[in-house]
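Here the protein sequences line up with chains A and B, keeping their order.
Going letter by letter, the first sequence gives residues 106 to 395 in the numbering used here.
Going letter by letter, the second sequence gives residues 106 to 395 in the numbering used here.
Please keep in mind that the hints were generated in silico from the structure rather than gathered at the bench.
Here the structure is a predicted model, which means the values were calculated and not measured.
For glycine and all other residues, C-beta sits at the position ideal for the given N, C-alpha and C.
Please note that a few of the clues may not be correct.
Unchecked claim - Computed, partial: chain B to chain A, Cβ under 10 Å:
| hint | residue |
| --- | --- |
| 1 | Val168 |
| 2 | Gly169 |
| 3 | His215 |
| 4 | Leu217 |
| 5 | Tyr243 |
| 6 | Arg250 |
| 7 | Val278 |
| 8 | His279 |
| 9 | Ala283 |
| 10 | Gly288 |
| 11 | Cys292 |
| 12 | Leu309 |
| 13 | Arg358 |
| 14 | Lys389 |
Said to hold, decoys possible - Chain B regions said to be covered by chain A (calculated; three or more residues, Cβ under 8 Å):
| hint | segment |
| --- | --- |
| 15 | 141-150 |
| 16 | 252-261 |
| 17 | 337-351 |
| 18 | 367-378 |
2 protein chains.
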Amino acid sequence: MKPLNKLVLLGAGLIGGSFALALKRARLVREVVGVGRSLANLERAIELKVIDVATQDAAAAVVGADLVMLGTPVGQMGALMEKIAPHLDSACIVTDGGSTKQDVVALYRHHLPRQLAHCVPAHPIAGSDLSGAAAAQYGLYEGRRIVITPLPENAPESIARVRALWEACGGIVHEMDAAEHDGVFACVSHVPHLLAFAYMNAVLDRRNAARCLDFAASGFRDFTRIAGSHPEMWRDITLANREAILADLHTNRVQLERLIALVETAEPAALTSYIERASKARSKWGKSGG
Amino acid sequence: MKPLNKLVLLGAGLIGGSFALALKRARLVREVVGVGRSLANLERAIELKVIDVATQDAAAAVVGADLVMLGTPVGQMGALMEKIAPHLDSACIVTDGGSTKQDVVALYRHHLPRQLAHCVPAHPIAGSDLSGAAAAQYGLYEGRRIVITPLPENAPESIARVRALWEACGGIVHEMDAAEHDGVFACVSHVPHLLAFAYMNAVLDRRNAARCLDFAASGFRDFTRIAGSHPEMWRDITLANREAILADLHTNRVQLERLIALVETAEPAALTSYIERASKARSKWGKSGG
C-alpha cells in the first residue's frame, strides 16, 4: 500500500494519536501534523513522537494533506469541518473516530458537501479511561472492531483506503449504515451508561444511601463501574444519539414493568425462566470471548 | 476465648466450610461435623479437612453441638430447623449465612421457638462464583463485613459469642435489624442483579440482538456480569426478599421515568448535573476502597 504523505490529526489525543502511532510503525505515513487546543498536549505529542509537527491552525494544517482524521469529541467536529472546508485538496480523505455516526454524517453533509466522495465516517471500538496524547499507544486497535459507515456518495477507492489503513492498525473493519450503528451502540453502550447513572441516582435518593454504599460489594462495583464515566462526554453522546437512545430507554422501561409484574406475581417457574434466559445469554456471550 | 467443642455445619459448602476452616486455624473448634445431601461433597469435605465427620442425619448430628451453622440456601433452612429442633441442647447457638434475613428470622421463630435466645442470624458479605466444599477456603472472611441481625430475644452472651467467632475468622461484624438489612441488600445487590437480567432480556428482544452482542465491549461486559448469575439462586433470593425488592424496583422505575424525561427534554445543563451527581458519587465510592 502507498504510504500517506501527510496525515492531519484534528485532536491529537488517544484516538487520533494511537491511529498515527500504528501507521508510523507500519511505515504507512511520512508526516503527521497534530492540531489541538492545548499547547501542552501538542508539546507532549511531539515529545512522544505521536506527531511530527504541531499547530493550532486547522485551516493551514490541512493544506496538502491526503488524510484528515477528526479525533475530537463530536461536539467540536462541526466547527473544525467548517474551518478546513476551503483548504482541503479535492482528493483528501476525511474520516473521524466519533462514537455516534448519524450526527457526524449530518455534519459532513452540511460542512463538506463538495468533499462527500471522500468523507468516510468511522468508529473504532477501543478506548481507555485515559485521554490526551500521553494516552496514545501502539496496539490500541490490535484485534479491535472498527465500524465504518460509508456514505452512498463515497468513492469506492476512498472506502477501500480507510478500510486498509484501519486494517494496517490491526483493526477488524465492519461496514454498517449509520442508523444501524447508532441503534447498536445505543443498545450496548449508551443505554447501559445511562441506566447505570439512573441506578446510582436512585441509590443516592435513599434515606439510607450512605449505609447502602457502605455495604455495596463486587456485584455493585461491576454494575456501576460505567456510572463513574465522564459527565460532559456522556451528555454529548446522549444528545448526539438521542433518538436511538430514547427508543431503547422505552424498551427498557417496558422490560422493567415486566420484571416488576413477575416479582409481584411471584410465580417461581416464570421468574426462573425469565432469569435463565438472561443468564444463559450472558454466559454464552462471555464464553464467546465477549 | 473458649473453643467450640462441636460445630455442626448444615451444608458443608463455601460459606460453612470457610467458617470451619477459619475456626480450625484459630484453634477455636475441636470437632466439625458436616451434614449434606451430596455424599460426594461430604467425602471431598473430609479429604480437604474442612470437616472431621460426615453424616446425612441432621437430627443426630446436632446432639451435643454447641454451635450449629446453617450454610445451605435459605430455601432448605426451614426443613433443617424442623429436623434439628427436638435435638438441640438448650444452650446450643444456631446461626446461618443466609443472604436475606427477615425470612430466616421468620423461620427461626416458626421452627425453633424455644431456642430463640440463641438463634443469631448472620450474613457474611463474601462469596465466590464457586460452591461446594472444594470452594471452601482459609481467609474468605478476612477483612469482609459480616452483618448480624440479632433478635430481641437473643441472650447477650450468644450475640457476643457469634460476633467473636466471626471476628476470629477475620470478619468485621456489624449489627443491623433484619428489615434494614434486607432493604440495604435489595438496594446494593438484589435489584442490580434483577436490573441486569432485565437489561439482558431487553437486548435479546431486539430484532438485531446478535449484531448488538457482537459489538458489545467492556462497558457492557461489566454492566451485565451479574446477569450471568445462577437462576435458581436468584429466583430464591428474589422471592425471599420480595417486599424490599419491589419497593426498590418501583424507585428505579420512577428514576427511569426521570431519565427518559431528561433525554426527551434534551436540556444540556440538566442532563450534565444528572450524570455528574451519579458520576461523582460512584468515583468517590470507588476511591473509598469500595
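Against the structure, the hints:
This hint is violated: Val168/B has a C-beta 35 Å from the nearest C-beta of chain A, more than the 10 Å allowed. Among the interface hints, the one on Gly169/B is violated; its C-beta lies about 36 Å from the nearest C-beta in chain A, farther than the 10 Å criterion. Annotation: His215/B was flagged as interfacial toward chain A, and the flag is violated, the nearest CB pair being 19 Å apart, outside 10 Å. Annotation: interface hint on Leu217/B violated; nearest CB of chain A at approximately 26 Å, more than 10 Å.
At about 20 Å, the closest approach between the beta carbon of Tyr243/B and any beta carbon in chain A exceeds 10 Å, and the interface hint on this residue is violated. Hint on Arg250/B holds. Least Cβ distance to chain A is approximately 6 Å, under the 10 Å limit. Here the hint on Val278/B is broken, as its CB sits about 13 Å from the closest CB of chain A, past 10 Å. Because the smallest distance between the Cβ of His279/B and any Cβ of chain A comes to about 8 Å, under 10 Å, the interface hint for this residue holds.
Nearest Cβ of chain A to the Cβ of Ala283/B: about 14 Å, over the 10 Å cut. The hint is violated. Checking Gly288/B against chain A by beta carbon gives a least distance of about 7 Å; that is within 10 Å, so the hint holds. About 5 Å separates the beta-carbon of Cys292/B from the nearest beta-carbon of chain A, less than 10 Å, and the hint is met. Checking Leu309/B against chain A by beta carbon gives a least distance of about 6 Å; that is within 10 Å, so the hint holds.
Here the hint on Arg358/B is kept, as its CB sits about 6 Å from the closest CB of chain A, short of 10 Å. Interface restraint check: Lys389/B against chain A, minimum CB-CB distance 9 Å, threshold 10 Å, status holds. Remark: the segment 141-150 of chain B is not confirmed as covered by chain A, as 0 of its residues place a Cβ nearer than 8 Å to a Cβ of that chain, below the required three. As drawn, the segment 252-261 of chain B meets chain A at 1 residues by the rule of a beta-carbon pair under 8 Å; below three, the given contact is violated.
Coverage of the segment 337-351 of chain B by chain A holds in this model, with 8 residues showing a Cβ closer than 8 Å to a Cβ of that chain against a need of three. Against chain A, the segment 367-378 of chain B contributes 6 residues with a C-beta closer than 8 Å to a partner C-beta. That satisfies the three-residue criterion, and the hint holds.
The structure fails to meet hints 1, 2, 3, 4, 5, 7, 9, 15 and 16 from the earlier list, while all remaining hints are met.
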